[in-house]
Each structure stands twice: as structure tokens, then as C-alpha cells.
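Residue numbers (full-length UniProt numbering), protein chains in the order written: chain W, 1 to 323; chain X, 1 to 323; chain Y, 1 to 323; chain F, 1 to 323.
These are computed hints drawn from the structure, not numbers from a lab.
Among these hints, one or two may not hold up.
Same chains, same label: a pair holds when it works inside one copy or across any pair of copies.
Claimed, not checked - Calculated cross-link-like contacts (lysine-lysine; reagent style DSS-like; alpha-carbon spacing at most 27 Å):
(1) Lys269 x Lys234
(2) Lys91 x Lys295
(3) Lys295 x Lys113
(4) Lys295 x Lys55
(5) Lys111 x Lys91
(6) Lys113 x Lys269
(7) Lys219 x Lys59
(8) Lys45 x Lys219
(9) Lys111 x Lys295
(10) Lys166 x Lys93
Bear in mind the structure is a predicted one, so any value in this text is a computation, not a measurement.
There are 4 protein chains.
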Amino acid sequence: MGEAVKDVFFINGNSTQANWFEEEVDDDLKICYSLNSVLHQGTSKYQDIALLDTKHFGKALLIDGKMQSSEMDEFIYHECLIHPALLCHPKPKTVFIMGGGEGSAAREALKHKALQRVVMCDIDEEVVDFCRRHLTANREAFANEKLCLIINDAKEELLKRGNEEKYDIIVGDLADPMEGGPCYQLYTKSFYEAVLKPKLHCHGIFVTQAGPAGVLTHKEVFSSIYNTLKHVFKYVIAYTAHVPSFVDTWGWVMASDEPFVLNAQLMNKRIGERINGELLYLNGESLVSSATLNKCVRRSLLEETHVYTEENARFIHGHGRAC
Amino acid sequence: MGEAVKDVFFINGNSTQANWFEEEVDDDLKICYSLNSVLHQGTSKYQDIALLDTKHFGKALLIDGKMQSSEMDEFIYHECLIHPALLCHPKPKTVFIMGGGEGSAAREALKHKALQRVVMCDIDEEVVDFCRRHLTANREAFANEKLCLIINDAKEELLKRGNEEKYDIIVGDLADPMEGGPCYQLYTKSFYEAVLKPKLHCHGIFVTQAGPAGVLTHKEVFSSIYNTLKHVFKYVIAYTAHVPSFVDTWGWVMASDEPFVLNAQLMNKRIGERINGELLYLNGESLVSSATLNKCVRRSLLEETHVYTEENARFIHGHGRAC
Amino acid sequence: MGEAVKDVFFINGNSTQANWFEEEVDDDLKICYSLNSVLHQGTSKYQDIALLDTKHFGKALLIDGKMQSSEMDEFIYHECLIHPALLCHPKPKTVFIMGGGEGSAAREALKHKALQRVVMCDIDEEVVDFCRRHLTANREAFANEKLCLIINDAKEELLKRGNEEKYDIIVGDLADPMEGGPCYQLYTKSFYEAVLKPKLHCHGIFVTQAGPAGVLTHKEVFSSIYNTLKHVFKYVIAYTAHVPSFVDTWGWVMASDEPFVLNAQLMNKRIGERINGELLYLNGESLVSSATLNKCVRRSLLEETHVYTEENARFIHGHGRAC
Amino acid sequence: MGEAVKDVFFINGNSTQANWFEEEVDDDLKICYSLNSVLHQGTSKYQDIALLDTKHFGKALLIDGKMQSSEMDEFIYHECLIHPALLCHPKPKTVFIMGGGEGSAAREALKHKALQRVVMCDIDEEVVDFCRRHLTANREAFANEKLCLIINDAKEELLKRGNEEKYDIIVGDLADPMEGGPCYQLYTKSFYEAVLKPKLHCHGIFVTQAGPAGVLTHKEVFSSIYNTLKHVFKYVIAYTAHVPSFVDTWGWVMASDEPFVLNAQLMNKRIGERINGELLYLNGESLVSSATLNKCVRRSLLEETHVYTEENARFIHGHGRAC
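Work out the full structure, taking the sequences as your base and the hints as a guide.
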């Protein structure tokens with residue numbers, strides 16, 4: 001964590017001068033955004049948390065000095081994380097979110113009228129409480145009676161529940177696999193095979209955030225996550241979107257043993273039928289387009305041979321959060 | 001120009017310590033990348049020029065402290081600038097590039113085997129000379145006998161040539177419309193109508209870079225350029241791609257009085273038939289996908305009412321270069 | 001009814017010489033096919049029935065001297081009648097067939113594993129009995145416990161059932177609207193609006209055979225049926241297929257208040273998931289293609305202004321059967 | 001030739017009574033259409049010719065008692081024969097028609113403004129003269145100065161011309177391969193390879209009528225012609241349309257060493273740009289749809305193993321004309 005980060009976390013109250021917050025995106029790349037004020041900060045058993053009021057991105061949630069989501073563009077990340085899988089499923093009723101303590105993933109899922117239950121399982125109670133108190137956009141979601149909030153490690157929780165309770169959709173809203181962090185275990189072939197897949201109903205779909213997917217960064221973890229899932233599921237689709245506050249194009253991967261029908265007209269029809277309110281980023285056309293990767297990234301994904309295992313993980317200077 | 005920029009331009013020779021170069025992307029957003037060294041710097045009648053060796057983006061060309069293109073990702077910008085229009089045209093033979101002094105636009109155009117002539121008209125002789133000497137990737141292009149290099153203001157040159165000499169493709173590789181810069185004149189309805197369009201052959205296509213096109217930035221100039229061209233041409237297509245070194249998704253607009261056939265199979269066929277060597281970023285599928293905008297940007301483009309005129313221009317904190 | 005027809009219906013037993021059966025397709029067009037033998041014939045309160053063994057079409061069912069269906073190609077007509085609507089519906093459970101006494105429509109519907117009930121309502125008990133006894137291909141369907149067979153006029157039956165019992169799919173497998181026949185009442189706007197539509201569930205689809213749809217014959221009734229349904233439902237799709245034993249291209253129209261997603265991939269997926277056994281004529285691609293009409297027929301459909309009412313019906317020299 | 005045929009050919013002048021003309025479509029299938037009158041008849045060295053005025057199809061040209069084309073629907077056959085290949089070619093300038101003495105194929109080709117030359121090579125001078133005199137719809141085409149009419153056997157003519165004169169499009173408008181007729185030689189692999197293909201320019205396309213393509217008839221010759229061409233060209237496309245006066249769905253096959261781009265939008269664009277006047281049957285959408293075969297025919301084509309050779313031909317009860 002650089003100097004600027006410390007400034008933020010140790011200054012009490014709002015600063016009047018033009019503060020800049022500096023975030024290390026990579027070893028050799030930093031982004032600086034000017035702040036109106038530091039709204040809230042806290043620490044949990046696992047992580048540092050802050051809510052900044054930035055000039056460029058609006059309110060921004062940071063964990064351990066890393067941008068988690070910003071008011072101005074978090075809808076891109078969360079619409080892409082949640083809706084493609086739910087829209088591709090013929091009739092989703094239950095969703096299990098691994099991580100997602102911020103509440104935005106649950107908020108997007110709960111827009112699907114026919115959902116009966118959304119289980120959200122995050123390890124960090126302080127982060128969840130912080131977000132529940134401070135992120136006004138997610139208040140309704142936290143209060144929704146269909147939401148079942150659990151504080152636990154996602155893997156342990158899935159194991160504990162046994163194979164009788166299955167889900168139509170499982171969502172991985174976890175930190176990137178980072179060295180030293182335990183989270184990478186939730187990206188391994190053995191976890192997918194032995195723990196996660198048995199918890200999916202027939203027709204079930206797993207979707208996970210999959211790290212940076214830009215032309216310069218997609219080989220860090222995106223291509224490996226894609227390839228790992230291809231070893232576990234019959235059908236795997238990777239898609240991407242540029243998220244300005246992440247200073248990169250981001251990737252997601254969804255996987256199923258049933259083929260996907262990624263058709264714009266069908267997706268538009270289902271958006272109209274299933275979703276309360278309007279989406280801001282995705283419509284049928286852009287959803288299909290987001291899964292049509294540029295030649296450079298597409299080739300890397302097809303040529304990737306690395307598979308995540310406990311012994312052979314890949315790590316990134318990641319957008320982190322505890323698992 | 002900020003402090004860091006001065007550091008770069010006034011330090012003679014290569015620095016041995018870990019330097020960071022800081023670029024203002026916007027008033028409230030900066031990007032910093034670490035440098036191996038400053039390879040070359042110079043000044044022209046119009047602008048400051050530098051060639052940096054950065055750790056993240058490889059060699060990077062900067063003009064007035066703004067990233068122009070980097071070794072690692074300039075192929076994205078230049079493939080998107082040149083190939084869609086050339087591939088949509090039934091049989092392009094002549095290209096006129098406004099600006100483009102760096103040489104990369106010409107390099108991409110010259111990959112089209114059937115082209116007979118590429119005219120490149122840049123106002124800044126020193127920039128052209130600097131790039132010809134230092135950008136090794138473009139050396140062949142500068143030496144190609146089909147290339148006709150002219151040092152002049154693009155508008156004056158087009159006016160001077162009269163309406164007998166017409167082109168199949170005209171390319172706008174100009175700086176963004178920035179306050180104080182004269183370049184914005186080359187983005188106005190009257191320029192397009194009175195000067196540029198008469199220089200296009202029947203079936204001719206005009207394409208221009210059109211500034212930042214991210215979810216947070218596309219209303220700065222992208223939507224206006226799109227709307228302005230809709231007032232001048234019958235068919236207008238906007239498309240985008242994330243360019244990491246521009247710290248944003250970028251936009252281009254192409255326009256014609258003939259309808260476009262943006263079909264992946266056709267584009268792939270033409271790539272195979274017409275182009276020497278391989279493209280890195282574009283194939284038929286990704287070209288079509290790049291023209292399928294997300295819902296948010298698409299809506300803004302359709303709702304935009306601003307038209308660029310001499311009296312009513314929009315400016316940005318742009319990626320600048322003289323016109 | 002011409003001479004040849006009489007020969008068939010009045011000869012007792014099988015003929016040993018090379019008989020030709022002659023059918024009036026239109027006033028000025030006849031088709032003659034050679035017979036191996038007359039297998040069965042009978043008369044009902046409403047109609048003459050015969051089962052011929054033809055050399056070209058295999059066994060052929062005739063009613064009042066008109067080809068109803070032939071062993072060699074009836075799968076075209078019945079697959080097209082049944083599967084598009086069932087495949088376009090998100091989750092069809094109940095089907096009501098108006099007419100269809102031959103049993104082939106029910107047979108195709110019952111291939112959909114998830115269907116719970118197929119009601120078939122034909123007015124002519126003798127025809128139904130004749131087909132049940134003699135059409136071996138439909139025996140299983142007649143014996144299927146999901147099939148509910150009712151002898152009644154379809155309109156009366158629908159009225160009798162009240163608006164509590166609704167269906168996901170209603171199928172019109174009726175004779176063409178012919179002068180003098182009462183069947184044309186089941187093609188009128190008022191019947192569709194007042195009787196049929198209220199019996200459809202939300203997301204329900206109505207599909208009807210719609211007469212000849214060839215380049216020379218589609219204006220007889222096809223375009224009118226299409227246009228009439230456009231006055232009653234929000235979304236209407238016309239599609240066609242050449243049926244050799246009908247000596248013409250045939251038409252069907254399906255209609256709903258929900259948009260259709262006619263996507264080849266989706267249709268193929270649903271065929272795989274929902275249907276027992278294999279289809280012979282339709283796959284996703286040909287289903288979409290059958291709904292892409294040639295320019296000539298498409299134009300007539302779009303320009304048609306006639307609407308079927310009780311006072312203003314159109315009749316054809318039709319492929320008849322009682323209603 | 002049956003009795004009815006003789007009636008037609010031996011009656012002088014117009015008949016006043018309701019005559020029916022009877023045509024053998026197959027051994028076990030006949031079609032009869034009523035006549036207003038026999039307009040003209042004649043005989044050539046090779047064939048009997050007649051022009052009938054029918055009630056159902058309008059004026060109809062018969063050769064050897066077989067329907068060649070009728071006023072009411074010949075546009076279907078001839079648009080399908082000519083336009084797909086010409087529209088798929090990037091820039092067709094020259095066309096060679098084998099057969100086509102009726103003049104309709106040439107008429108359609110000459111609608112393409114940019115064509116420079118259409119060579120039509122028919123063996124039967126009397127048929128050509130008969131059609132030139134009596135088919136008013138083709139008079140302009142016969143008089144067009146771009147048309148070069150040659151009376152010769154197509155194979156001999158192609159051989160005679162040597163390999164310097166090449167064509168962009170070669171069209172096979174020949175009789176079906178029938179036993180006893182010499183025409184089948186123009187459907188063999190060796191003819192395609194040794195004689196025809198060397199006469200095609202780079203990007204050249206060969207298209208041929210390919211006989212009946214209905215569900216009951218496509219294995220007679222259609223699937224074999226398709227398979228034979230797959231042994232000679234890299235890319236082969238089969239397509240069909242129902243032609244009422246042929247009492248069947250008809251087939252055509254086009255073949256090239258360059259991939260086809262069968263895209264509706266592109267075809268519509270080219271129709272708008274290249275063709276004088278309007279097409280009646282084809283637009284971009286229906287052209288693509290006509291090449292999307294039903295499952296039954298598609299499967300037969302893919303599974304066909306027969307290849308036409310001189311020793312191993314397949315014959316049909318064909319729609320005949322001399323070669």
C-alpha cells in the first residue's frame with residue numbers, strides 16, 4: 001500500500017484541500033483520482049475498508065486500498081456478473097452468491113421477479129455491515145425477505161449444506177486469486193468439480209468474475225479461469241466489459257453442462273418478461289457482443305493450457321478482498 | 001502540463017532511478033506509469049514530443065504530455081481506425097489521411113494489397129520526422145512508394161486539390177477537438193459538408209477517430225461527432241474498443257451515403273483476400289461486435305442533439321496533437 | 001367430384017388393373033396418381049372417406065375426394081402444424097386441437113415430453129374411428145392417456161368449457177374455408193377474438209393451418225388468415241413448406257400476444273430437450289427458414305387488407321373436411 | 001408421350017372446347033391443366049415444341065410434352081438460376097450460359113448493369129428461333145447487344161474456345177440428366193473438372209439447375225449433382241424453391257473455389273446497386289432462406305456418396321430438352 005493510501009486511511013474527517021487518492025493497479029501502473037472527501041473508513045478482522053467521495057467516479061468503496069466499486073460505474077460490473085447467467089437459464093429460482101458482501105450482486109439478482117431465494121455467503125461480517133449501513137443503493141436488497149445472508153467461508157458453507165440443497169445459479173463474486181490470499185482455492189478445478197458443481201441443479205449455471213481481461217492483462221488469470229472451467233463443464237462462455245474505475249476491461253466466465261443460447265432477441269424478451277425495472281448497461285445485443293471477444297483475447301483463451309489447481313495457481317496484483 | 005511532465009521533458013538523457021510519468025487523463029484523474037528511460041524528446045513549431053520507454057506499455061509516443069500511442073497496444077487504435085472502413089468499401093483504391101503523422105495509420109492502410117495510393121497530410125513536419133526516425137515499426141510504411149506524404153493543414157490541402165481528385169476513403173486521425181486548438185474545425189458539419197464530402201468518390205467512406213467512448217466519457221465528444229455526421233451522411237456507424245494506454249474505451253465513427261454491410265463472414269472473407277499479413281485485434285466477429293454498443297452508450301448516441309458547428313463546438317481535455 | 005373419384009368410391013374391393021385416381025386441385029388443375037389398391041372406404045354423416053394405396057405417395061387418406069395426408073409426406077404438414085408453436089412457447093403444458101381427427105396432430109404434440117394434456121375436438125366420429133382403426137402410425141397416440149378425445153364442434157366445445165379452462169397452445173387443424181362448408185366460421189375475426197383468444201393462457205399461442213401458400217395461390221386464403229390474425233394478436237408469424245401430395249406449398253400462421261423468438265439455436269436446444277425421438281422435416285434452421293417467405297408472398301401478406309368476418313369470407317376449392 | 005400430348009401436337013389451330021393437357025411428371029404421377037388454346041407448335045431436329053395458353057399457368061412453353069416454363073411462375077426458376085451466383089460474385093463481368101435457348105436466363109443476367117457480355121450457347125436453333133419469335137418477355141434480351149448467341153453443343157463450344165477466354169459465371173440451364181439423352185455428360189465430374197472449371201476466372205462461380213428437390217424427389221439427381229460438385233469445387237451451396245408449374249420444389253447448386261458470403265443484408269445491398277428494375281421472387285432474406293434446406297433434404301445431401309461419371313450416371317423422368 002503506497003503513501004497516498006495511508007493518507008486516506010489515517011486522516012480523520014474530511015479534508016478541504018484537493019486530495020488525490022492513488023491506487024496501484026499494477027507494479028508499474030498507478031491511477032490517481034481526486035477526492036471530495038473520505039466519507040467512512042473502518043477495519044475488519046480481514047481487511048481495511050473505506051468509502052471515498054471521488055470527483056471522477058462518485059462514491060467509491062475501497063477494500064485494502066483497492067477499488068471495489070464506484071457509484072458511477074458499478075452497474076457495469078454487477079449487471080455483467082448477474083444477468084447473463086440468470087437470463088440464459090430457462091427458469092432460475094435460486095441463486096447462491098459466494099462473496100458479494102457489498103450487496104450489489106444480490107440487488108441485481110433480486111430484480112428477477114421469479115427468483116424465490118438468494119443466498120449470499122460472505123466471510124467478512126464487518127464489510128457486510130459497513131456496506132449495509134453506507135451503500136444506500138443496496139438497502140432495499142439487504143432488507144428483501146428473499147435474501148438469506150450468511151457469514152461464512154463459501155466453500156465451507158457449500159460443503160456443510162450437503163448435496164440435497166441445490167441452486168439454479170451459483171455466482172462467484174470473490175476477490176481475484178492473489179498470492180497469500182486464501183481465495184485462490186475457490187478458483188481451482190478440484191473445488192469446481194468436487195464442491196461447486198454437485199450443488200447445481202440440472203440446467204444450472206455457474207458464473208464467476210474472472211479478473212482483468214484487457215489486451216495487456218487477460219493472461220494474468222482470465223484465460224486460466226476460462227480454461228479451468230472448460231475442464232469441468234461442457235459449455236463455457238467468456239465475456240468482457242470495460243469498467244472505467246477498474247482501469248481495465250473486465251472478464252466473467254459462465255459455465256454449464258447445458259448449451260447456452262446467446263441470442264439477442266431471446267435475451268431482450270427475457271429481460272422484458274423477467275426483470276423489474278430497467279437495466280442500464282446490458283440489452284440483448286450488447287450481451288451477445290460482450291461475449292464476442294477481440295481476436296487477440298479470443299486466441300489466448302483458446303490456446304491457454306494452464307489449469308488452476310491447489311499446487312499450480314496463478315496470482316495477480318489483484319482487486320482484492322478476503323474470501 | 002503538470003510537474004511530472006516537466007520532469008520528463010527537461011531531463012536530458014536516461015534516468016537510472018525508478019521514474020514515474022504522470023499524465024492527466026482528466027481534471028480529476030491521472031495515470032502514472034513507471035519508466036525505464038526517456039528515449040528521445042524534441043519540440044516542434046506546434047508541440048512537444050517524447051518517446052518514453054515505459055514498463056507497462058513498452059515504448060510510448062507522447063505529444064504535449066499526452067499518450068499518443070504505445071508499442072503494446074497501438075495496434076488496437078490503428079486497426080480500428082483503418083480497417084473497418086476499408087473492409088466495408090467494395091473496392092478501395094485511394095485513401096486520404098488527415099493527420100496521422102505518426103505513420104501507423106498509413107502502415108495499416110498499406111496492408112491492403114489493392115490500394116494504389118495513400119495520401120497522408122499532417123501539419124507538423126517535426127513530428128513526422130521524429131516518428132519516421134524513431135518508430136521502427138513504421139519505417140517500411142514511410143518508405144512505401146504508394147505513400148504520398150504532404151506537410152499541410154488537411155483542410156487547406158483538401159480545398160487546394162479541387163473536386164477532381166477524389167478518394168475512396170478519407171480518414172480523420174486528428175487530435176480530439178480541444179479548446180484553443182484549431183483542430184475542432186475539422187469536426188464541424190460545415191467542414192464535412194462543404195470540404196470533405198465532395199472529395200469522396202461514389203461509395204466513398206469517411207472514418208474518424210471520435211474521442212473517449214467509455215460509459216463515463218462518451219458524451220464529451222463521441223456522441224456529438226456521431227450526431228454531426230448523421231446530419232451529413234445517410235449511413236453512420238459508431239464503434240468502440242478499449243485502449244489500455246488511453247485509460248478508456250475509445251470511439252470511431254464511419255459514414256457514407258451507401259449502406260454498410262457489417263457481416264462477420266464477409267469481413268473475414270475480405271480480410272483473407274485483401275490484407276497482407278495478419279491482423280491482431282480485429283476479425284469479422286469482433287468488428288461486428290465493436291459496432292454493437294452497450295445500452296448506455298447506444299442510448300446517448302441516439303438521443304444526442306448537439307451538432308458541431310464553428311460557433312457551437314464541444315471540447316475535451318483531449319488526447320491532443322496539432323491539426 | 002370427377003369421374004375418377006366416383007370410380008374409387010363405388011368400386012368394391014381392390015382393383016387389379018392400373019387405376020389412376022384423379023383429384024381436382026383447382027378448377028383448371030388436376031393431379032392423377034396411380035393406385036395399387038383401394039384399402040378402405042366409408043361414409044360418415046358429413047363426409048366420404050377413403051384410404052388408398054398409391055404408388056407415388058404410399059397410403060393416402062382422402063376425404064370427399066381430397067387428399068388429406070399421405071404416408072410419404074404427411075410428416076411435413078403435421079410437424080409444421082405442431083412443433084413451431086410448441087417450441088416457441090416457454091413451457092407448454094396443455095394443447096387444444098380443433099379438428100385433427102386423423103390423429104397425426106395429436107401424435108406430434110405428444111412427442112413433447114412435458115405436455116400434460118392434449119384435447120382433440122373433432123366433429124366427425126366416423127372419421128375419427130376410421131383413422132383410429134386404419135392409420136397404424138397414430139395408434140399409440142390414440143391410446144395415449146394424456147389424449148382427451150371429444151366429438152363436438154370446436155366452437156361449441158370452447159364456448160361450453162367457459163373461460164376457466166385455458167390452454168397454452170390452441171391448434172387449428174381444420175378444413176380450408178370453403179363455400180357452403182360451416183368451417184369458415186372458425187377463421188373469422190370474431191371467433192378468434194370472442195371465443196378462441198380468451199381460452200389462451202398468458203404466453204399462449206394459437207396456430208392454424210392456413211391453406212395454399214404458393215406463389216400462384218397464396219392470395220386465396222393464406223394472406224387473409226394472416227391479416228385477420230394480425231387484427232387479433234400482437235405478434236403473428238406466417239410460415240410455409242412445400243407438401244408434395246398437396247401439389248403446392250402450404251401455409252401456417254401462428255399468433256400470440258407475446259413476441260416470438262425464432263432463433264435456430266434456441267429451437268434446436270428445445271428440440272433436444274423437449275421432444276421424444278427425432279423430427280424428420282424441421283430443425284432449428286429450417287424452422288427459421290420456413291418463416292422467411294419469398295419476396296412475392298411476403299409482399300402480398302403485408303399488403304393484404306381483407307379480414308375474415310361472417311359476412312365477408314373468402315373461400316377456396318379447398319382441401320376439405322367438415323368442421 | 002401420352003395421348004393428351006399427341007392431341008396437342010397434332011391439332012392445328014385453337015380448340016374451342018375445354019381441352020385438358022396431361023403431363024407425366026413421373027411414372028405414377030400426372031398433372032392435367034385446362035387450356036384456352038394451343039398458340040404455336042413446331043418441331044426441331046431434336047425436339048417437339050409447343051406454346052400453350054393454359055388457364056392455370058398462363059402461356060406455357062413445352063418441349064417434348066414437358067413443361068419448360070410458364071408465364072405465371074417462370075420468374076421463380078430463372079431468378080433462382082441466375083441471381084444468387086451473380087450476387088455472390090464480387091464483380092461479375094462475363095457470363096456463359098450452357099443451354100438457356102428460351103432466353104429467360106439471359107434476360108435475368110442482363111438485368112445486371114455492370115455485365116459486359118453474356119454468351120448463350122444452345123444446341124437447338126429451332127427452339128431458339130421459336131422462343132425469340134413467340135416469347136415476348138424475352139425480346140429485349142434477344143436484341144441486347146451484350147448478348148452473344150451461339151448454336152452449338154456447350155461442351156464443344158467450351159473446348160473450342162481454349163483456356164484464354166474465361167468467364168466470371170458459368171450457368172447450366174440444361175435438361176435434367178435423362179436416360180438416352182446426351183445431356184447427362186454435362187453433369188459429370190470429368191466434364192466439370194476438365195472442361196468447365198478451367199474456363200472460370202479466379203473468383204468464378206458455376207451454377208446449375210439441379211432437378212427436383214422435393215422431399216420425395218431430391219435423391220433422383222439433386223443430391224448427386226451436389227455431391228459431384230463437392231468433389232470438384234471447394235465451396236458448394238444447394239438451394240431450392242417451389243415452382244408450381246413443375247409440380248415440385250426445384251433445386252440449384254452453385255460452386256466456387258472461393259467461399260460464399262450468403263448474407264441477407266449484403267445481397268439486398270447488391271440487388272439495389274447492381275440490378276436494373278426489381279426482382280419478384282428473391283430478396284436477400286429469401287435468398288438466404290432458400291439455401292437453408294429442410295432437415296430431410298439436407299441430411300440426404302450430406303450423406304450422398306454417388307458421383308456422376310460417364311459410366312455411372314443417374315437418370316430421371318426428367319424435364320427434358322436436348323443438350
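Status of each hint after checking the structure:
1. Lys269 x Lys234: both (26 Å within a copy, 14 Å between copies)
2. Lys91 x Lys295: between (33 Å within a copy, 24 Å between copies)
3. Lys295 x Lys113: between (37 Å within a copy, 21 Å between copies)
4. Lys295 x Lys55: between (35 Å within a copy, 24 Å between copies)
5. Lys111 x Lys91: both (14 Å within a copy, 22 Å between copies)
6. Lys113 x Lys269: Classified as both: same-chain Cα gap 14 Å, cross-chain 25 Å, threshold 27 Å.
7. Lys219 x Lys59: between (30 Å within a copy, 21 Å between copies)
8. Lys45 x Lys219: neither (32 Å within a copy, 42 Å between copies)
9. Lys111 x Lys295: between (34 Å within a copy, 18 Å between copies)
10. Lys166 x Lys93: Both: 11 Å inside a chain and 25 Å across chains, each within 27 Å.
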